[in-house]
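Peer 1: Which chain is which? The protein sequence lines are A and B, in order.
Per the working numbering, the first sequence starts with residue 1, numbered consecutively.
Per the working numbering, the second sequence starts with residue 1001, numbered consecutively.
Hint data in this document are derived by calculation from the structure and do not stem from the laboratory.
The beta carbon of each residue, even a glycine, is placed where N, CA and C say it ideally should be.
Where hints are given, some of them may not hold.
Short, incomplete list of chain B residues facing chain A, as computed with Cβ under 8 angstroms [stated by the list, open to error]:
1) 1034
2) 1042
3) 1043
4) 1044
5) 1046
6) 1049
7) 1089
8) 1099
9) 1101
10) 1102
11) 1103
12) 1104
Taking lysine-lysine pairs in the BS3-like style, the calculated list, with each CA pair at most 30 angstroms apart, reads [said to hold, decoys possible]:
13) A/14 <-> B/1042
14) B/1037 <-> A/9
15) B/1056 <-> B/1071
16) B/1103 <-> B/1056
17) B/1056 <-> B/1068
18) B/1103 <-> A/14
19) A/9 <-> B/1042
20) A/9 <-> B/1103
Computed list of chain A residues with no C-beta within reach of chain B, every gap over 12 angstroms [to be verified]:
21) 19
22) 22
23) 65
24) 67
25) 80
26) 82
Listed here are the chains, written in short residue letters.
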Amino acid sequence: NAGVTQTPKFQVLKTGQSMTLQCAQDMNHEYMSWYRQDPGMGLRLIHYSVGAGITDQGEVPNGYNVSRSTTEDFPLRLLSAAPSQTSVYFCASSSTGSAILTEAFFGQGTRLTVV
Amino acid sequence: GESVGLHLPTLSVQEGDNSIINCAYSNSASDYFIWYKQESGKGPQFIIDIRSNMDKRQGQRVTVLLNKTVKHLSLQIAATQPGDSAVYFCAENRKESTLTFGKGTMLLVSP
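Chain A on its own, in the form it takes in the complex (with noise of 0.2 angstroms):
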């Protein structure tokens, strides 16, 4: 079972640079997520989606764009990249089969440094 699936796994990105980090379910979850960790820190979530064509922000959106084309894929695009964005990004997905939230499953995480 493949999951959520997160590509790449490593990234290094030069200030002002873009990207693109790539994410996707075969779960047919209808509810997917970026959250960004840095060290000594919880997780937090930079934008969702609650379907196709349906996106909005979360804690910390700045300097993010998502876009939900499908319900398997949720990219999250780094504009500009800056060193504060240096993170480690992790996608989730969850379903709501009846319309309660159940529990995210998340990939495998994205490490990015910008420099």
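Mind docking chain B on chain A? Use the hints.
Peer 2: Chain B alone, transformed into the frame defined by chain A:
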């Protein structure tokens, strides 16, 4: 402000002991709580969850207790093993399918 937090950043136990990891939350409207385990270099892994209409839920070697009166959540791990060593996060669902995470507690299990 509203937050999910943990009382102890690091908990060290001996193998075979019972471990208790605590979490405080401040949003009384939260209706769903989850405990996650995160091993080094991996994504968070679901352990157990509990809804606000319950005060206790048991899994395999784990028990989650919810005290809504004092807004407190705890994770109890029975007969802790070295493989339980990880960072444990509590999370609450405040809005739609978003989760708000605490900062985490490191559990260190000595053989």
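Peer 1: So which of those numbered hints doesn't the model satisfy?
Peer 2: none
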